[in-house]
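Asker: Please model the complete structure; the sequences and the hints are all you need to start from.
Every number in our numbering is 7 more than the matching position in the sequence shown, counting from 1.
Keep in mind the hints are simulated off the structure, nothing from the lab. There may be inaccurate statements among the hints.
Computed cross-link-like contacts, EDC-like style, restricted to lysine to aspartate or glutamate with a CA-CA straight-line distance of at most 16 Å [unchecked claim]: (1) Lys109 with Glu69; (2) Lys22 with Glu52; (3) Lys35 with Glu58; (4) Lys210 with Glu176; (5) Lys45 with Glu103; (6) Lys135 with Glu293; (7) Lys132 with Glu158; (8) Lys178 with Asp153; (9) Lys47 with Asp27; (10) Lys83 with Glu158; (11) Lys218 with Glu203; (12) Lys135 with Asp153; (13) Lys45 with Glu96.
Predicted, not measured: the structure shown is a model, and the values here were computed from it.
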Amino acid sequence: MKYVFGIDVGGTNIKIGLFDENKILVSKTLLKTNTTLKGKYVVSELKTKIEQILSVNKITLEAVLGLGIGVPGPVKDNFIIRCPNLGWENKDLAKELQAEFKKELLVLVSNDASVAAYGEYNHLKSEKDIVFMTLGTGVGGAVIIDQKIVEGKHGSGGEIGHIQVRYDEPKQCSCGLYGCLETTASIRGIRWIAEELLLNYQKPTILTASKLTPKTIFAAALKNDELALEIVEEVATYIAKACAKIALVVDPALFIIGGGISQAGQILLDAIKRNYLKYSYFATREVEFALAKLGNDAGMYGASELVFKNKEKDESNK
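Answerer: Structure (structure tokens):
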């Protein structure tokens, strides 16, 4: 039996999934991300944890086909350009891990949103062109065309959080621009919109200034609170505008909405679909929208698929 590691590197934790050759998840482990000294110890600690997992499962390193890794930043040709949350810049993670293991082990690296998209894509068991949008602390995404992740020339393909959707936006995005989707559809962005609307709201509402979070807002919307419904509608409008712009360039068959905010469920999805019809070009209106299915495990599954797909490609070329 052969095995593959699917690894999702985050700024707080690293999720490590061990998969068998049938793509079945054998074990899942969480490792705290050590960002000390610009993430200097992450590679060695990851190597140690992988060895522990192999030992517990009585698996040799020779039985490992490779490591697939998703990281929070742009990646180009298996080379990390920048991961600000980890302090990494111009980093050859594959080479460093091979040096740690003292072995020419296959290590494939991609952007975390891209591998999460890949995980969801393969879970669909479909060959549709898709756009994956992750809504959480930030807004990220990925585009999969002809079963391949679109990295782009600079490794920034799918950075949809920085599409401009609001032209009167007073808040500056972390990227330095104004009006980005991230300033309207992230956790912080939704709170900003809610604070703005609550300020001059005269009708009764169960929402309070001290408890304006996506969770309380969507819960209130499900109870038909008018202010909450107004907030959801505005957030969905900005997401729909971004999707409409993306569709003009990509023309996907499906948009998948993931990330923590997607847990709002159908009330958000329905609002996005409704507004998408308002802002989309007529030839791109027949597109599907769906909520992500794999949750926080999508990155692990997608990272493992980087290796599985590479193996399948090698076998087909023999």
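Asker: For the pair supplied as a hint, Lys132 and Glu158, is the alpha-carbon distance within the 16 Å limit?
Answerer: With Cα atoms ~22 Å apart, Lys132 and Glu158 exceed 16 Å; violated.
Asker: Taking 16 Å as the top limit, are the C-alpha atoms of Lys22 and Glu52 close enough?
Answerer: Holds, at about 13 Å.
Asker: Would the hint linking Lys35 and Glu58 be met if the CA-CA limit is 16 Å?
Answerer: holds (14 Å)
Asker: Does the alpha-carbon distance linking Lys135 and Glu293 stay inside the 16 Å limit?
Answerer: holds (13 Å)
Asker: Take the C-alpha atoms of Lys83 and Glu158, compute the straight-line distance between them, and say whether it is at most 16 Å.
Answerer: holds (7 Å)
Asker: Is the hinted pair Lys218 and Glu203 satisfied, with a Cα-Cα distance of at most 16 Å?
Answerer: Cα-Cα ~14 Å, so holds.
Asker: Straight-line Cα separation of Lys135 and Asp153 no greater than 16 Å?
Answerer: Holds: Lys135 and Asp153 sit about 8 Å apart, inside 16 Å.
Asker: Taking 16 Å as the top limit, are the C-alpha atoms of Lys45 and Glu96 close enough?
Answerer: Distance of about 9 Å is within 16 Å: holds.
Asker: Going straight from one Cα to the other, do Lys109 and Glu69 come out at no more than 16 Å?
Answerer: holds (12 Å)
Asker: Given the proposed pairing of Lys45 with Glu103, does the C-alpha separation stay at or below 16 Å?
Answerer: Between Lys45 and Glu103 the Cα gap is close to 15 Å, so the pair holds against 16 Å.
Asker: Within a Cα-Cα threshold of 16 Å, do Lys210 and Glu176 meet the stated pairing?
Answerer: Distance of about 25 Å is beyond 16 Å: violated.
Asker: Is Lys178 close enough to Asp153, meaning Cα to Cα at most 16 Å?
Answerer: With a Cα-Cα distance of about 37 Å, the restraint between Lys178 and Asp153 is violated, given a limit of 16 Å.
The earlier numbered hints that this structure contradicts are 4, 7, 8 and 9.
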